[in-house]
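Chemist: Fit chain A to the known structure of chain D by using the hints.
Protein chains in written order, with the working numbering: chain D, 1 to 265; chain A, 1001 to 1329.
Hints are not guaranteed to be accurate.
As the list claims (entries may be wrong) - Quick partial rundown of chain A residues pointing at chain D, CB under 8 angstroms, derived from the structure:
1) A1069
2) S1083
3) E1098
4) R1102
5) Y1171
6) P1174
7) F1230
8) F1232
9) D1290
10) D1293
To be verified - Computed spacing ranges between beta-carbons, pair by pair:
11) D:G75 / A:L1307: 45 to 55 angstroms
12) D:K234 / A:E1129: 24 to 34 angstroms
13) A:A1207 / D:S176: 32 to 42 angstroms
Please keep in mind that the hints were generated in silico from the structure rather than gathered at the bench.
For each residue, glycine too, the CB sits at the ideal point set by N, CA and C.
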Amino acid sequence: MHVSWHRSNTAAVAIAVLAALICTAALLYWHRTSAEGARLLMAVPEEIRSHSDLNHFAMSRGRAAFAQYCASCHGSKGQPDPLRGVPDLRDQDWLYGSGRIDEIQKLILYGIRAGNSKGWDLASMPAFATPNPYTRYSTPALTPQDIDDVTEYLYSLQNSSADLIAGARGRKVFYSQSRGLCWDCHGDHAQGDRAIGAPNLTDRIWLYGDGSRRSIRASIAGGRGGSCPAWIGKLSPVTITALAVYTQSLSRPNPAQAQRTPAHD
Amino acid sequence: MILGAPENVTEAASTRPGGHDVHSGLGRAAEPNTKRAMVLYALGALIGLGAAGYELLTAQGTVTRSVPAEDLALINQQPILRSDFVTQLESETGLPFEKTSRQEKLRVLDEMVDEELKVQRGLELNFAETDQDTRNTLATVVNHQMIAEVVTSQPTEKDLVGYFEAHRAQYHSPGAMTVCDLALPKASLDVAAQAQRAASAAASLRAGTPLQQVQKRYELANANSCENNFYFAIKIHLSDKLFAVAQGLATGAVSDPVQMPDGVHILQIVSNLAPAPESYSDARDRVEGDYKDDHEARVRAGTMSFLRHRANIMIAGDYADYQIYGSRP
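Next up, chain D with everything else stripped away, as it sits in the complex (with noise of 0.2 angstroms):
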């Protein structure tokens, strides 16, 4: 009895001891963790990731995060879906902004299209086949001529086989200022605009379909306008700067990935 005794005694002393270690080590860890976390969230973003114990807690944090959140649309290594409108991550060619991590965790916080006045919201692609092709201002629709010519048009900026008298024809809508208005958006050059997401039409990066003319057609006469979530309120602050800052890193200047060969009809 005085021995089961002793041995319960010391048993219940040492499953303190051992709860108190554990609950001292979690909350060394989650201190470490906040503190890390702080350093993250007040760091100047574009420094980030040359600090290297900075950039290995933001890179820890964000691929898993990633993995998580991310990847059921932008792939697990950040891979387009030219189905869906999904960019290519891994590329340097950024549809809003260049590229800078505090852009990117602002597209993070609140979104593309996603209902959040802070997010991008500027413009979507208009649908030139249909009796209102804009909701935003009121444009008219294009011919079945009109949708032809200017993908021939768009088609002849990296395809030397394009027919350039129906090209010629399409330029002209491209450039009206009461058809069309893809200028607008799209810039005097047809390279895009950042500021509002809309693409560069002149290089080989195709955010839907691949260059074909029925691919172009299809998003002139269909219209595009693709989204992502806001996850303010929904991931924290530190998971949000984490993945701004691994998406980042997916980001490679290889012009082999920016390159894409030309569509063959």
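Modeler: Leaving out everything else, chain A in the frame of chain D:
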């Protein structure tokens, strides 16, 4: 806390060789002091209740004593996010954050503090009730918020294919035609002569006489120059009645004369590409858009129904026939 030793230990200790009481240095073997324990428990409970009561009755809401790391400032506990600050600073200066001066940073912070104070003042003044612009903006924002999850959702291919199959009839190519609309103005001839001339013109066109020749010979006006367009556009330009006639004609056909308020019209169909059923791959983008639109409509309806049922809505007697929870009149 002194662990009370069971009786047998006390006995064992007291019966050790020499009769030495091993507990003598600690006094008598500890027994639970029930009264002391209860007093301590009660004291602890009182202290806890007292602290909670003090905080509850004197609290100004949850108060943060320091600015969280993700915020640049707290204005009456409302945060100004660092991220928003960076965006505004870069937007105002046109410079990357790290290249802006301290003065610029402080200036923008000052503006944002002012803005937050004004917003809070607006809430105090209840502008959401009294100012129409604020009300419009709030309603719009809430509208967007209701459907935000749907807008950014990614339905599975299975969902989309299922939707397509259930609504297959509405997915077809838009239909397009090239149509020449010729007209005999109303006042030019009497009705009988008009009809005769129009019939002759139609016959000439059917016989293959070029359009310009027929126009000249029969003094027809080209009411709408030959137009190549989608069905929806042709319908707007021609009118519903003329479009209905044109839609039924094959490529190369010429209509019979059609009496319209402004005269007699003849339609020559240069090409008519009727809408054709589309495959899922051709219609996929529209299927996704329609799927989400349907979902949005359900979410909106559900949210408004929830808000109505949750609200205390009272209607004046002279509008007692208004159905708070019914469908729109």
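Chemist: Going through the earlier hints one by one, which of them does the structure break, listed in rising order?
Modeler: 4, 5, 9, 10, 11
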